[in-house]
Structures are given as structure tokens and as C-alpha cells.
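Sequences listed follow chains A and B, in order.
According to this note's numbering, the first sequence is numbered sequentially starting from 1.
According to this note's numbering, the second sequence is numbered sequentially starting from 1.
Hints were generated in silico from the structure; no laboratory data involved.
Misleading hints may appear alongside valid ones.
To be verified - Some, not all, of what chain A presents toward chain B, calculated at C-beta under 8 angstroms: (1) SER73; (2) ARG79; (3) PRO107; (4) GLU109; (5) PRO113.
To be verified - So the derived list for chain A, only partly shown, Cβ under 8 angstroms to chain B, looks like this: (6) ILE2; (7) ARG8; (8) ASP55; (9) GLY59; (10) GLN90; (11) THR99; (12) TYR110.
For glycine and all other residues, C-beta sits at the position ideal for the given N, C-alpha and C.
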Amino acid sequence: MIKTKCLRKTYHLGGTDIHALDGVDLHIPKGQFVAICGASGSGKTTLMNMLGGLDQPDGGSVEVDGHDIARLSHNALARFRNESVGFVFQHFNLLARRTAVSNVLLPLEYRRPKPGDHKKRACRALNDVGLGDRTAHRPAELSGGQQQRVAIARALVGEPRLLLADEPTGALDSQTSAELLELLVRLSQQGLTIVLITHDKEVAAYARRVITMSDGKIVSDQMNTEANTKLAS
Amino acid sequence: MRHFIAAYVSLVSRPFRTLLTMFGIVIGVAAIYAMISIGNGAKKMIIHSLDGINTRSIAITPIWTENKASRRTERRPFSEADIEEISRIEGVESVSGENSKEFSVAVPGADLKVGIDGSDAFYLRTKSMTLKLGRNLNETDLQSKALVAIIGSSVAQSLFGTNHPIGETVKIDKIPFTVIGVVEKHETNLSSRRDENKFVLIPRTTARARLMGGHASVKNHVEGITVIFEREQDFSRIEDDIEHLLRYTRGLLDSDKLNFRMFNFAAARNQMMQVQRVLSLLLGSIGTIILIVGGVGVMNIMLVNVTERTHEIGLRLSVGARRSDILWQFVIEAILLCGLAGIVGLGLGWGIIAVAEIIGEFKMDTGWSVAALAFGSSLFVGLIFGYLPARRASRLHPVEALRHE
């Protein structure tokens, strides 16, 4: 489903070149739950941005379902993000003045053509994450865990093929984190491809596969046998 | 539509800032609306003031040349020959000459001082007047120096009241004249205290022979000539022809100053209009400058807005907003801001006009087109000054925008 070849990205900071990505080759089959680990500055967030079409590489290719998204125009990339990808961020990134349901339907506002049942879809997405009774609440009236579930509903409402989560539990307590990760596992079991960025081994343990990065390179790539046991416990 | 809702929500969520930003636009729109309305009102008043006056006419009167009083040449009148010559100029419809003086006009039991106009059959036409009763002067009246009179409606009213005046006798300076016609009441809006319907018209030849006497140096003298021409666009050519002709008959060299004056209402009106246009332009420019300054205020606030909402822009880009979506979102927000200000500005402008009407005692022209122009200019300012900040917003890099705190 996702294939990157020799992916490179260099940032120029204060006269020195920082190789955020230094030749990353990666293959993620459809429906896999992958955690990308690494210390800060290891290039994991840059990799996620490349996979989600938020940023474009200096070299190499990113193929999603056979299409090289590194070569897409601005508008085609926007369409790709809208239709194929859902993002979940560490700090939820909800619009404070909008209600939960209004936040969730934001991606559908940019869908062309705009689906006629967008409100219904947003409510369904909120229901799926267990917030069917919180649709009219504003972010400030929701707990951290609830806010992040609104963000997940927003990521899922457009029925993407790929969910990209950047430290989704970073701002949550351990109990809430566990609930959220279990939700991601369930979604992956339903066939959704998930890439989870984290620096926390505990969090990575929920994934089927754990990739570790350092200095813009993949340093280890292991299948996680504990994943199922972690869920069962 | 969704952009409008988003823009509206964004504006009402910061009411104080929105109001402050609107202020410049409100004043600008009010100024433009009020100034153009006042200007148009003045223009209409100028045009209206000449209602009932023939703009295809030239009034020619002799004047003193502008020498020192001691060396001033006398006011030299025209002659019957001048009238003849002028009537032959191409494009001239009719010419009438006029000698006037005030006399007492009396009937048994009533008399009054009235201006007596010694003229001809074309007098009424050149003054855009029509007969109400009786007949006009004719060639025979002039040749025979007939003692006949046509009276203005005010004179008819004063001397005869409701009685039928045709065939009655009036004594002008004790000479009996037979009334052969009454002129329809003539109304003009020209601001003049003189009652234009208070006159008596008699043959010019009779006036010279019986009432006003001849002139020492000019035989068959005529004090004033009015020319009516066929088409308004011929005005300057005919004016040139008349000047050329009169210079010749009056023995003036090309270097001499004219000792007569030609007056055309249309030309005078055009001069007034030009003054008014310059004034309107000046006032309109003031409004435009205020609007531009207001627009810069809008741009400033929109730039602040974009900076403050960088993170939100990043989020919108990440869920699939195109650059054009972001551009429109901010452009529409600026247009909506200016549009709201435009509506308030129209209200304020309307208030200014209402006050100006009371103080200035004249009717402003508050047409829809002026309101639409003033309102449209506010939207235009929104578009122009909103575009740059919106463009900046739309060019943000999604990753950098998301990282922005």
C-alpha cells in the first residue's frame, strides 16, 4: 500500500544541513498498524509528513496505492490529504469556537463534491468513537481524552485509507491513553492502515510492527508479537 | 456559502476589533455617499433652474468697453440691419430685436409701471412664451407702426382682472393702444425677483416712433437682440459667425475688444456644471482617500488575523483545504467586514444628507445608483486590501503552519 524509496529531506538551519530523512526505504502493506519510534529529531515526524502529503521530499519517492505523491501538484496533494489520509495530532488541533460535530465535519467541507449527508456522517463518526452524546459540546467542555477522540472522528469521517497519528497520547494520562490505543487497534482490525509516531515504547507496543529511527535512517524494523497480548490484558 | 459562515463567525467572535476596523470604511463610505449625493443634488438644481428657458438662444447686448470712465466709449446699440444680417446666418431659426423702457400703463380705474418691450413677431418665440388669447404681432403692425399691444399675464390680471382684455384700450404714457393678445403665464426657475409675466409687448417701430425716440448716431437702433438657433451643437459656430458679423458692422478691428456681449444659458450652465464637477471631484477624492486609509486598516487587521490563525490554517490544509479555499476564506472575511461597514456607512451618509438638506435647504439626489456605488466601493476595498493577507495565508506551508504556536 505504501512504498517509499530512498526518501530524503534536508533542512538548512543556521548554515548547517540537517538530514531529517536520509534514504528511507519502507513498505507498509494495507491494514497494518505500524509504530514509528525514535528520539526527537530522529526524523519520524518528517516521515509522517511525507506519507501524509503535508511535505514533499528532496529526493526519492512516496508511493501510495501505486501513485507517487511526491510529484503531485498543490491541488492534487490537497485532494489526496482530503480523501486518503486522516491526521491525529498530539494537541488535538480542534477549532475552539466550533462544536464537536462541526469540528468533525471540517474535512467534508473541503470534499468535492460535498456529500449531502455530511452532518449525518459526522454524527456517525462521533458515535463510532463513543461520543454520540457530545456532538454539541465545544472542545473546552470536553476532557483531553474526549477531545482526542473528536480528533480521531475528524480523521475518520472522510473514510481515509491511511490514519497518521503523531504522538496522539502525548497529552493524555495513562488510563485515557490505553483506551485511545485500544480504539486504534480496533480500527486497524477493521482494515485501516495506521502509522503511529511515538517516542514511547509502551505506546509502540500496541502496534503490529515497530520501526525505530535514528538520524533520519531506519535502524530497526520488527514485528511485534506482544501486540495481541497487550490488547488482551 | 461556507466561507461566508466561517467569516461571519470569525468576525463576531472578535466584536471590538471588528468594530474598530470597520470605522475607517464606515466614514469613507458615508463620505462618498453624502458627497456624491450632495454633488448630484447641486447638479440637478442647476439644470432645474433653467427649466423653461431656451438653451438654444443667444442674447446679445451692447456694453461699454473696459476703458477708464473718462475714456469710455458710449454704449453703441445695434440696428435693424444687424437683425437682418444675423437672421441670414445658417442654422439661425429666428431673431428678435428689443427696445425696452418702463412706462405707466393705465386703464380707467387702474394703472401700473410696466416694462414696455418694443419688439417683433419673434419676441414670444425667443422667450419660449405662447399666446393665451388673441394674435401675435405681424409685419404689417411693424411697418404701419400700429398702436397695438400684447400684455403679459400679470399685467392682464392687474388691469383687467377676470374681464376679457382683447379689443380693450390701454394707455401707455397717455397714448392709447389696443390689446390684441394675452400671453400665457410663463414660469421659469431662474432665481430672479423680477416678475417675468409683467410686461407689455408693442411693435418696435411704434416704440421708437412714439415712446422711446431715436438714437443720435444709429438709425433704427435696437437695444438688444435675441437669436434662436436650430441645433444646440451649432452654438459655437453661430456665436463665431455673429461675432464676426457684428465686429464688421460695428467697425471693430480684430485687436479691438468687443463692445457687445453674447450670453447663452447653456454655456452659462456648462460653466456652473464645470465648477460643480470640480467640487464633486474634490469631495469624492476626500471620500476615496478616507476609504483607502480605512482599507489599509483592514489589511493590517487581516494580517494580524492570518498570523493569529496560522495554526488553524495549517489544520485546514492538513484536512484537505486547497490554497484557493484558504484564499477565499480570508478574502471573503475582508469583504464581509467591509460590506458590513459599507451598510453602516450608508446609514451614516444618509443621516449626513438629511442634516445637509435641512441646513442647505435643497434637495439631495440620494439615488440607488449612488448608494450602490458607495457600497460597491466598500466591497472593492475589501477585495483589494483583503487579497494580500489572504494570499499570504494561502501560501503558508502546512507543516510550518501546524508547528506555529
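These are the hints, each one checked on the structure:
no.: 1; hint: SER73; in the structure: violated (10 angstroms)
no.: 2; hint: ARG79; in the structure: holds (7 angstroms)
no.: 3; hint: PRO107; in the structure: holds (4 angstroms)
no.: 4; hint: GLU109; in the structure: holds (6 angstroms)
no.: 5; hint: PRO113; in the structure: violated (13 angstroms)
no.: 6; hint: ILE2; in the structure: violated (18 angstroms)
no.: 7; hint: ARG8; in the structure: violated (16 angstroms)
no.: 8; hint: ASP55; in the structure: holds (5 angstroms)
no.: 9; hint: GLY59; in the structure: violated (18 angstroms)
no.: 10; hint: GLN90; in the structure: violated (11 angstroms)
no.: 11; hint: THR99; in the structure: violated (11 angstroms)
no.: 12; hint: TYR110; in the structure: holds (4 angstroms)
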